[in-house]
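J.: Next come the chains, spelled out residue by residue.
2 protein chains.
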Amino acid sequence: MKRSLISACLDQVDKKVKVAGWVNSLRSHGQVSFIDLRDRSGLIQVFVPQKLNNLKNESVISITGTVKARQAKNYNPSLPTGKIEILADKVEVLSLASDLPFDIQKPDLSVSLPVMLDYRAASLRHAKTRHIFEVQATITQVFRQFLLERDFTEFHAPTLVATATEGGSQVFGVDYFDYRAFLAQSPQFYKQIMVSIFERVFTVSHAYRAEPSVTTRHLTEYVGLDAEMGFIDSWKDVYLMADSLVKAIFKTVADRHADILAEYQVAVPKTASVTPVVKLSEAQEIIFKRTKRDIRGQPDMDPEGEREICRWAEEKHGSQMVFITHFPTKKRPWYTAPDPSSPDETLSFDLIACGVEWITGGQRINNYKTLVSNIKKMGANPKDFYIPYLQAFEYGMPPEGGFCLGLERITQNILGLENVRQATLYPRDMERIDARLSQIGHKISSKKAKK
Amino acid sequence: MKRSLISACLDQVDKKVKVAGWVNSLRSHGQVSFIDLRDRSGLIQVFVPQKLNNLKNESVISITGTVKARQAKNYNPSLPTGKIEILADKVEVLSLASDLPFDIQKPDLSVSLPVMLDYRAASLRHAKTRHIFEVQATITQVFRQFLLERDFTEFHAPTLVATATEGGSQVFGVDYFDYRAFLAQSPQFYKQIMVSIFERVFTVSHAYRAEPSVTTRHLTEYVGLDAEMGFIDSWKDVYLMADSLVKAIFKTVADRHADILAEYQVAVPKTASVTPVVKLSEAQEIIFKRTKRDIRGQPDMDPEGEREICRWAEEKHGSQMVFITHFPTKKRPWYTAPDPSSPDETLSFDLIACGVEWITGGQRINNYKTLVSNIKKMGANPKDFYIPYLQAFEYGMPPEGGFCLGLERITQNILGLENVRQATLYPRDMERIDARLSQIGHKISSKKAKK
Numbered sequence: 004m005k006r007s008l009i010s011a012c013l014d015q016v017d018k019k020v021k022v023a024g025w026v027n028s029l030r031s032h033g034q035v036s037f038i039d040l041r042d043r044s045g046l047i048q049v050f051v052p053q054k055l056n057n058l059k060n061e062s063v064i065s066i067t068g069t070v071k072a073r074q075a076k077n078y079n080p081s082l083p084t085g086k087i088e089i090l091a092d093k094v095e096v097l098s099l100a101s102d103l104p105f106d107i108q109k110p111d112l113s114v115s116l117p118v119m120l121d122y123r124a125a126s127l128r129h130a131k132t133r134h135i136f137e138v139q140a141t142i143t144q145v146f147r148q149f150l151l152e153r154d155f156t157e158f159h160a161p162t163l164v165a166t167a168t169e170g171g172s173q174v175f176g177v178d179y180f181d182y183r184a185f186l187a188q189s190p191q192f193y194k195q196i197m198v199s200i201f202e203r204v205f206t207v208s209h210a211y212r213a214e215p216s217v218t219t220r221h222l223t224e225y226v227g228l229d230a231e232m233g234f235i236d237s238w239k240d241v242y243l244m245a246d247s248l249v250k251a252i253f254k255t256v257a258d259r260h261a262d263i264l265a266e267y268q269v270a271v272p273k274t275a276s277v278t279p280v281v282k283l284s285e286a287q288e289i290i291f292k293r294t295k296r297d298i299r300g301q302p303d304m305d306p307e308g309e310r311e312i313c314r315w316a317e318e319k320h321g322s323q324m325v326f327i328t329h330f331p332t333k334k335r336p337w338y339t340a341p342d343p344s345s346p347d348e349t350l351s352f353d354l355i356a357c358g359v360e361w362i363t364g365g366q367r368i369n370n371y372k373t374l375v376s377n378i379k380k381m382g383a384n385p386k387d388f389y390i391p392y393l394q395a396f397e398y399g400m401p402p403e404g405g406f407c408l409g410l411e412r413i414t415q416n417i418l419g420l421e422n423v424r425q426a427t428l429y430p431r432d433m434e435r436i437d438a439r440l441s442q443i444g445h446k447i448s449s450k451k452a453k454k
Numbered sequence: 004m005k006r007s008l009i010s011a012c013l014d015q016v017d018k019k020v021k022v023a024g025w026v027n028s029l030r031s032h033g034q035v036s037f038i039d040l041r042d043r044s045g046l047i048q049v050f051v052p053q054k055l056n057n058l059k060n061e062s063v064i065s066i067t068g069t070v071k072a073r074q075a076k077n078y079n080p081s082l083p084t085g086k087i088e089i090l091a092d093k094v095e096v097l098s099l100a101s102d103l104p105f106d107i108q109k110p111d112l113s114v115s116l117p118v119m120l121d122y123r124a125a126s127l128r129h130a131k132t133r134h135i136f137e138v139q140a141t142i143t144q145v146f147r148q149f150l151l152e153r154d155f156t157e158f159h160a161p162t163l164v165a166t167a168t169e170g171g172s173q174v175f176g177v178d179y180f181d182y183r184a185f186l187a188q189s190p191q192f193y194k195q196i197m198v199s200i201f202e203r204v205f206t207v208s209h210a211y212r213a214e215p216s217v218t219t220r221h222l223t224e225y226v227g228l229d230a231e232m233g234f235i236d237s238w239k240d241v242y243l244m245a246d247s248l249v250k251a252i253f254k255t256v257a258d259r260h261a262d263i264l265a266e267y268q269v270a271v272p273k274t275a276s277v278t279p280v281v282k283l284s285e286a287q288e289i290i291f292k293r294t295k296r297d298i299r300g301q302p303d304m305d306p307e308g309e310r311e312i313c314r315w316a317e318e319k320h321g322s323q324m325v326f327i328t329h330f331p332t333k334k335r336p337w338y339t340a341p342d343p344s345s346p347d348e349t350l351s352f353d354l355i356a357c358g359v360e361w362i363t364g365g366q367r368i369n370n371y372k373t374l375v376s377n378i379k380k381m382g383a384n385p386k387d388f389y390i391p392y393l394q395a396f397e398y399g400m401p402p403e404g405g406f407c408l409g410l411e412r413i414t415q416n417i418l419g420l421e422n423v424r425q426a427t428l429y430p431r432d433m434e435r436i437d438a439r440l441s442q443i444g445h446k447i448s449s450k451k452a453k454k
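Protein sequences, first through last, are from chains A and B.
Mind the numbering: the first sequence is residues 4 to 454 in the working numbering, read in order.
Mind the numbering: the second sequence is residues 4 to 454 in the working numbering, read in order.
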């Protein structure tokens, strides 16, 4: 007999079915038992006319039985299958579970982060935790679908790179046969190159940052959603694309996962048809006027500034998100396009929503000679950037720009999670790769680590 | 004025347009010039009533002008836009190109592989080369869409791992702060764990193999298309899913890219409604009977055997693809499920088509104690596998199995490319990360390399 999904039992009253799943919970009353069985489609109550010993929660079983309508007084309004149950003929154990380290039945998984991660195979089964990754899968899908519909081509950027070009100190070194290689900090160079091939491209790619700090917002390995587009008429094309994309993500998440948003007691950020766009210097001025807190002249927003400018955007424009633009040329990477009318500022933007950064992007320099000159200015050798990067510009590159979203970060932001690790299946940081490194790691000599 | 795509000019006869793209070719006749302009949508001829000096091929330009119908005698049947051209009012140069290292106009890019890779930003612009990656993008899309429609959940597996669990010799080491980490050779463990959370999962993930050999079929970094499914009624569910998936890929590639398949003078493999399934030992017997070549008792097929069994499958079953199953338990990984009726053979399969392997997969062991015992049998310590892997089995794991396709390999196979590097944007091997390592690499001491 073929297995049916639990959700399909609703149409099978008085019929024989075979269902299979995890024992979500088990209650024995004398010689009979009630199982709440869980599969990917939902939960159903199973009545078993026998005592079930040693069947711990999360054990995997298969049930053959008959779907029965419950009496009205026994309806369970909290379950979509609450008006039916299965009367089991046969219970087959497919995999016995050991005792769980904590209770995963409660609406909230109230364990510390280290415990949650030490027992990740258990914590991920907790419904509210699992839902985080359903939202995350949707975000990735919307990202791709939105861009495919706009003629973007998907590509795969390599992550093993030959030089630590984007910033030497925070890069992981790899022993690559007799050579030293590095893990890419982003697919930035490759997505720009790809503009010279396909005009509009995107990639969902792993990126690595050797940041020697353990904060709530940093991972050493993360998934980047990167897009880049050529033949822009103006850099506005870039932030308007990012704006439409993020609104599409919000809309689909709100439509498809209303129940999960309710469970997390959050709503997607409120947007306006026109998202406000303010220069960094203007934003600092606005904040000064509103709060007397003076961050004017700073090269970036601070967290309190990000929160305040979002309050302003909501009050003045009915939008909980706002683009901050024109970050100083000195503080943005050397390939960022300066504003021709104000060369100390760049055509760059951050999308801030509900007080935190969601997207970063901007126009890039597409002129080969300017790039060579900028590389020299920072004291590096253009030869180190020729293959694969500068070569693409030497053969003709359209005006272009792009943006990037951190997948775990955007998931964290949408669900209002305290720590980005909650939005990461198996987070990596300085102290942990699955298990705690202090417990399982192969320590390398400090001399070697410094190389 | 907003840029129009070249393909949209067909509806714009006698209207003003602005188009932008690359100079695919330029012919000057006295004081007038003809440009073949290329953008992501196609090519169009542009007539410029002036001489254009110093405008090399691949330069990026913007043209403002009027779309004109050509006289019938000037139709170009080889172009979709061959009945129109643009009479340019204004030519704006957006990016000047240098001389290309080779001619990218010819139908075939006849340069050696090292030259193709040394000048990858140029070779990727060659139309036939670019098309490889259009097919590749389609393969990835079909893989995901097919599985999403069948209730699979997408997840992202980490690639930094703490132990070289799958095979110590071919793994890259990473300096991870004060510890030693490794690059994952596959998302195998994580996709199995995810079965315990979502039942059916897939991931498009980078994987790394430190194979110290330079062949036409191996890359050190590749993209794996991995799927895994729980609650299988039998391992047949797994290979039948792989079978339907690969047929869906063939169908979409054939429908969407008929022109590219014609350009490569290939067809997707011929399939039958029921793909033949033969055990390894049966396949070897068939080969012996047909050819008198005796590979009976060998633990795997050899390349000639793979070709011969495909010839047999086509002759007997009208299918150019065939599943080879029941590889020896000794030769498959320790987590592979043995056949209960013949424990020296595994419930594993390879899909062979047109003489080469396309997919590998099988049922896995879902019993915690059996896994622990198998780990001990190979002389390893189960503790090293507990987090993250064994933990998921300790808490209840359904019967499950899965399969994997190498994205570059399947692209190579479909287009009949000689070398897998042709199907890789920026291939990595022992000798090259973009540039040749002997030219740019940071050589590490042999002492360190041996660690």
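Don't take each hint at face value.
Treat identical chains as interchangeable: a pair holds within one or across any two.
[Claimed, not checked] Calculated cross-link-like contacts (lysine-lysine; reagent style BS3-like; alpha-carbon spacing at most 30 Å):
#1 Lys446 <-> Lys93
#2 Lys21 <-> Lys386
#3 Lys21 <-> Lys295
#4 Lys93 <-> Lys372
#5 Lys54 <-> Lys292
#6 Lys18 <-> Lys250
#7 Lys5 <-> Lys446
#8 Lys21 <-> Lys239
#9 Lys333 <-> Lys292
#10 Lys19 <-> Lys386
#11 Lys250 <-> Lys93
#12 Lys54 <-> Lys282
#13 Lys18 <-> Lys379
#14 Lys446 <-> Lys380
#15 Lys71 <-> Lys21
#16 Lys254 <-> Lys5
#17 Lys282 <-> Lys71
#18 Lys282 <-> Lys380
#19 Lys334 <-> Lys446
Quick caveat, the hints were computed from the structure, so don't treat them as lab data.
J.: Starting from the hint list further up, note which numbers the structure goes against and sort them upward.
T.: 1, 2, 3, 5, 6, 7, 10, 11, 12, 13, 17, 19
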